[in-house]
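*Asks:* Going down the list, the sequences are from chains Z and U. Numbered according to my numbering, the first sequence spans residues 179 to 274. Numbered according to my numbering, the second sequence spans residues 179 to 274.
Among these hints, one or two may not hold up.
[Stated by the list, open to error] Below, computed lysine to aspartate or glutamate pairings styled on EDC-like, alpha-carbon distance capped at 16 Å:
#1 U:216 / U:266
#2 U:217 / Z:231
#3 U:254 / U:225
#4 U:200 / Z:197
#5 U:217 / U:266
#6 Z:254 / U:192
#7 Z:258 / Z:229
#8 U:254 / Z:185
#9 Z:258 / U:255
#10 U:216 / Z:245
#11 Z:258 / U:245
#12 Z:200 / U:197
#13 U:258 / Z:245
#14 U:258 / U:225
#15 Z:270 / Z:234
[Stated by the list, open to error] Label-pair distances were calculated between CB atoms; the ranges are:
#16 Z:272 / U:231: 35 to 43 Å
#17 Z:238 / U:234: 33 to 41 Å
#18 U:217 / Z:220: 52 to 60 Å
Simulated from the structure, these hints should not be mistaken for lab results. Quantities reported herein were computed from a predicted structural model and do not represent experimental measurements. A virtual CB, placed ideally from N, CA and C, is assigned to each residue, including glycine.
Number of protein chains: 2
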Amino acid sequence: MSNEELDQLRQELDEVNLELLKSINKRAQLVQEIGRVKKQQGMNRFDPVRERDMLDSITAHNDGPFENSTVQHIFKEIFKAGLELQEDDHRKALLV
Amino acid sequence: MSNEELDQLRQELDEVNLELLKSINKRAQLVQEIGRVKKQQGMNRFDPVRERDMLDSITAHNDGPFENSTVQHIFKEIFKAGLELQEDDHRKALLV
Numbered sequence: 179m180s181n182e183e184l185d186q187l188r189q190e191l192d193e194v195n196l197e198l199l200k201s202i203n204k205r206a207q208l209v210q211e212i213g214r215v216k217k218q219q220g221m222n223r224f225d226p227v228r229e230r231d232m233l234d235s236i237t238a239h240n241d242g243p244f245e246n247s248t249v250q251h252i253f254k255e256i257f258k259a260g261l262e263l264q265e266d267d268h269r270k271a272l273l274v
Numbered sequence: 179m180s181n182e183e184l185d186q187l188r189q190e191l192d193e194v195n196l197e198l199l200k201s202i203n204k205r206a207q208l209v210q211e212i213g214r215v216k217k218q219q220g221m222n223r224f225d226p227v228r229e230r231d232m233l234d235s236i237t238a239h240n241d242g243p244f245e246n247s248t249v250q251h252i253f254k255e256i257f258k259a260g261l262e263l264q265e266d267d268h269r270k271a272l273l274v
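Model the full assembly from the supplied sequences, consistent with the hints where possible.
*Replies:* In structure tokens form, the structure reads like this:
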């Protein structure tokens, strides 16, 4: 296989990276919005049952090549980052 | 804001989760393909310069709400998982 084909694959990878970035930040915006709604309703931001349900649904839809355990690991990092974002928003709100 | 609106946001989040899952696995497939090409060409699978370039390009496109450091952390986990997948493929190839 030629380097041209490697370049082509890398270009596709760059495109998928940007798709991923877009979805990760779209998710972050939704998580911020959910955090604001929960705060208004006096609800706890962290909901382990909801997190478990999301992971179950994600792995139920997983066709690979990543193993379920890998997918869960990546999503847990994304969830954690979302929760930290909500906490930052909460801290900023307290400082206003 | 009503619970109906919270449900709506959660439904959107579930959709974004599945979009993310799709892109993560699409990325994994490309990484596997790149691994096969590199192996054929006798190239090293891990390329820290290429990884740095990808991270730079990703953060250059980052409009938030996630900070660059958070985006980099998540992508490093995704890169690591991709590399592990290539290593598994390589081990399986050796066993054939």
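*Asks:* For each hint, tell me whether it holds in the structure or not.
*Replies:* Results for each hint:
1. For the proposed pair residue 216 (chain U) and residue 266 (chain U), the alpha carbon gap of about 15 Å is at most 16 Å, so the pair holds.
2. About 39 Å separates the Cα atoms of residue 217 (chain U) and residue 231 (chain Z), which puts this hinted pair outside 16 Å; it is violated.
3. Restraint check: the Cα-Cα separation between residue 254 (chain U) and residue 225 (chain U) comes to about 13 Å, which is no more than 16 Å; the hinted pair holds.
4. The suggested pairing of residue 200 (chain U) with residue 197 (chain Z) holds, with an alpha-carbon distance near 10 Å, which does not exceed 16 Å.
5. Under the criterion of a C-alpha separation no larger than 16 Å, the hint pairing residue 217 (chain U) with residue 266 (chain U) is consistent with the structure, at around 13 Å.
6. Of the supplied pair hints, the one linking residue 254 (chain Z) and residue 192 (chain U) holds, its CA atoms being roughly 14 Å apart against a limit of 16 Å.
7. About 10 Å separates the Cα atoms of residue 258 (chain Z) and residue 229 (chain Z), which keeps this hinted pair within 16 Å; it holds.
8. For the proposed pair residue 254 (chain U) and residue 185 (chain Z), the alpha carbon gap of about 21 Å is over 16 Å, so the pair is violated.
9. Between residue 258 (chain Z) and residue 255 (chain U), the direct Cα distance comes to roughly 13 Å. Compliance with the 16 Å bound is thereby established for this hinted pair.
10. Using a Cα cut-off of 16 Å, the hinted pair residue 216 (chain U) and residue 245 (chain Z) is violated, with the two alpha carbons roughly 23 Å apart.
11. Taking the CA atoms of residue 258 (chain Z) and residue 245 (chain U), the gap is about 14 Å. The hint holds against a cut of 16 Å.
12. Distance hint between residue 200 (chain Z) and residue 197 (chain U) is fulfilled; the C-alpha atoms sit about 10 Å from each other, no more than 16 Å.
13. With a CA separation close to 14 Å, the supplied pair residue 258 (chain U) and residue 245 (chain Z) stays within the 16 Å bound.
14. About 12 Å separates the Cα atoms of residue 258 (chain U) and residue 225 (chain U), which keeps this hinted pair within 16 Å; it holds.
15. About 33 Å separates the Cα atoms of residue 270 (chain Z) and residue 234 (chain Z), which puts this hinted pair outside 16 Å; it is violated.
16. A C-beta distance of roughly 40 Å is found between residue 272 (chain Z) and residue 231 (chain U), which places it inside the suggested range of 35 to 43 Å.
17. Restraint check, residue 238 (chain Z) to residue 234 (chain U): a C-beta distance of roughly 35 Å satisfies the suggested window 33 to 41 Å.
18. Between residue 217 (chain U) and residue 220 (chain Z) the beta carbons are some 56 Å apart, a value that agrees with the proposed interval 52 to 60 Å.
In terms of the numbered hints stated before, the structure departs from hints 2, 8, 10 and 15, listed from lowest to highest.
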